[in-house]
Amino acid sequence: DSGVTQTPKHLITATGQRVTLRCSPRSGDLSVYWYQQSLDQGLQFLIQYYNGEERAKGNILERFSAQQFPDLHSELNLSSLELGDSALYFCASSVQGTNEQFFGPGTRLTVL
Amino acid sequence: GENVEQHPSTLSVQEGDSAVIKCTYSDSASNYFPWYKQELGKRPQLIIDIRSNVGEKKDQRIAVTLNKTAKHFSLHITETQPEDSAVYFCAASRNDMRFGAGTRLTVKP
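Protein chains in written order, with this note's numbering: chain A, 16 to 127; chain B, -12 to 96.
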């Protein structure tokens, strides 16, 4: 157990809908990262937050947005969902001053 | 931005043999190079990492080497065991982290 938690574990929804994925970092970690992993694919970096502020952006679609709250938990919002958005979504957190990232268990999103 | 290439995409070895996975990166400013192991449906788990001021690091059966000049780094697993079977990802990081496409390692008993 890495100490990073994600909810829900599984999410099944329909095209066009909107969902919110939640991540709580390890105690003391200020950075949160979001990744998308499609079937048999690598990890695509989406976005990073550090202490509430957006720090880096990767291949995140305009339909997706994220935020980090004062208690450091983060939410990833996915809207106007398409079939191709079906994937595992991981968040990771890291200690201030290091790049070492610890991953949560992931949320498996299925869009029907 | 950073681009990480990883080879091979699949690797099959006999139990007890060694396995080597290679990665190249594009951003010479990257300074942190972790390796993750991911079993089916599970989270990626950090198995070893190396920073740009070090050329080699070893942890029991696992070692990583880094050639900053050539911008490539490699994972070496010796005396492979069936439980080493998984997908392995390399990554390179300066601020954000970019991952290679992964190598599916199969260790045959």
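Since the hints were made in silico from the structure, they are not lab data. Heads up, the beta-carbon is just placed ideally off N, CA and C, and yes, glycines get one too. A portion of the hints provided could be inaccurate.
[Claimed, not checked] Derived lysine-lysine pairs resembling DSSO-like cross-links, with alpha carbons at most 30 Å apart:
id : chain 1 : residue 1 : chain 2 : residue 2
1  : A       : K72       : B       : K55
2  : B       : K9        : B       : K24
3  : A       : K24       : B       : K58
4  : B       : K9        : B       : K45
5  : B       : K9        : B       : K29
6  : A       : K72       : B       : K95
7  : B       : K58       : A       : K72
8  : B       : K44       : B       : K58
9  : B       : K45       : B       : K24
10 : B       : K44       : B       : K55
11 : B       : K44       : B       : K29
12 : B       : K24       : B       : K55
13 : A       : K72       : B       : K24
14 : A       : K24       : B       : K29
15 : B       : K55       : B       : K95
16 : A       : K72       : A       : K24
17 : B       : K24       : B       : K95
18 : A       : K72       : B       : K29
19 : B       : K58       : B       : K45
20 : B       : K95       : B       : K44
21 : B       : K55       : B       : K45
[Unchecked claim] Listed next, the stretches of chain B that the computed footprint assigns to chain A, with coverage defined by at least 3 CB atoms under 8 Å from CB atoms of chain A:
id : segment
22 : 31 to 45
23 : 79 to 91
[Said to hold, decoys possible] Computed, partial: chain B to chain A, Cβ under 10 Å:
id : residue
24 : G(-12)
25 : T11
26 : S13
27 : Y19
28 : P21
29 : Y23
30 : G28
31 : S72
32 : V74
33 : F76
Against the structure, the hints:
1. K72/A with K55/B: Given that 30 Å is the threshold and the Cα spacing comes to 25 Å, the pair holds.
2. K9/B with K24/B: holds (14 Å)
3. K24/A with K58/B: violated (38 Å)
4. K9/B with K45/B: Holds, at about 16 Å.
5. K9/B with K29/B: Given pair K9/B, K29/B holds - Cα atoms ~23 Å apart, limit 30 Å.
6. K72/A with K95/B: violated (40 Å)
7. K58/B with K72/A: Holds. K58/B to K72/A sits at ~23 Å (cutoff 30 Å).
8. K44/B with K58/B: This hinted pair holds, its Cα atoms lying about 16 Å apart.
9. K45/B with K24/B: holds (16 Å)
10. K44/B with K55/B: holds (14 Å)
11. K44/B with K29/B: OK: K44/B and K29/B at ~26 Å, within 30 Å.
12. K24/B with K55/B: holds (23 Å)
13. K72/A with K24/B: Given pair K72/A, K24/B holds - Cα atoms ~24 Å apart, limit 30 Å.
14. K24/A with K29/B: Holds - the C-alpha atoms of K29/B and K24/A are around 11 Å apart, at most 30 Å.
15. K55/B with K95/B: Not OK: K55/B and K95/B at ~33 Å, beyond 30 Å, violated.
16. K72/A with K24/A: holds (24 Å)
17. K24/B with K95/B: Roughly 18 Å between the alpha carbons, so the hint for K24/B and K95/B holds.
18. K72/A with K29/B: holds (24 Å)
19. K58/B with K45/B: This hinted pair holds, its Cα atoms lying about 19 Å apart.
20. K95/B with K44/B: It holds: about 26 Å lies between the C-alpha atoms, which stays within 30 Å.
21. K55/B with K45/B: holds (18 Å)
22. 31 to 45: holds (count 4)
23. 79 to 91: holds (count 9)
24. G(-12): holds (8 Å)
25. T11: This interface hint is violated because 15 Å lies over the 10 Å limit.
26. S13: violated (15 Å)
27. Y19: Because about 4 Å separates Y19/B from the closest Cβ in chain A, which is inside the 10 Å limit, the hint holds.
28. P21: holds (7 Å)
29. Y23: holds (8 Å)
30. G28: holds (8 Å)
31. S72: violated (16 Å)
32. V74: holds (9 Å)
33. F76: holds (6 Å)
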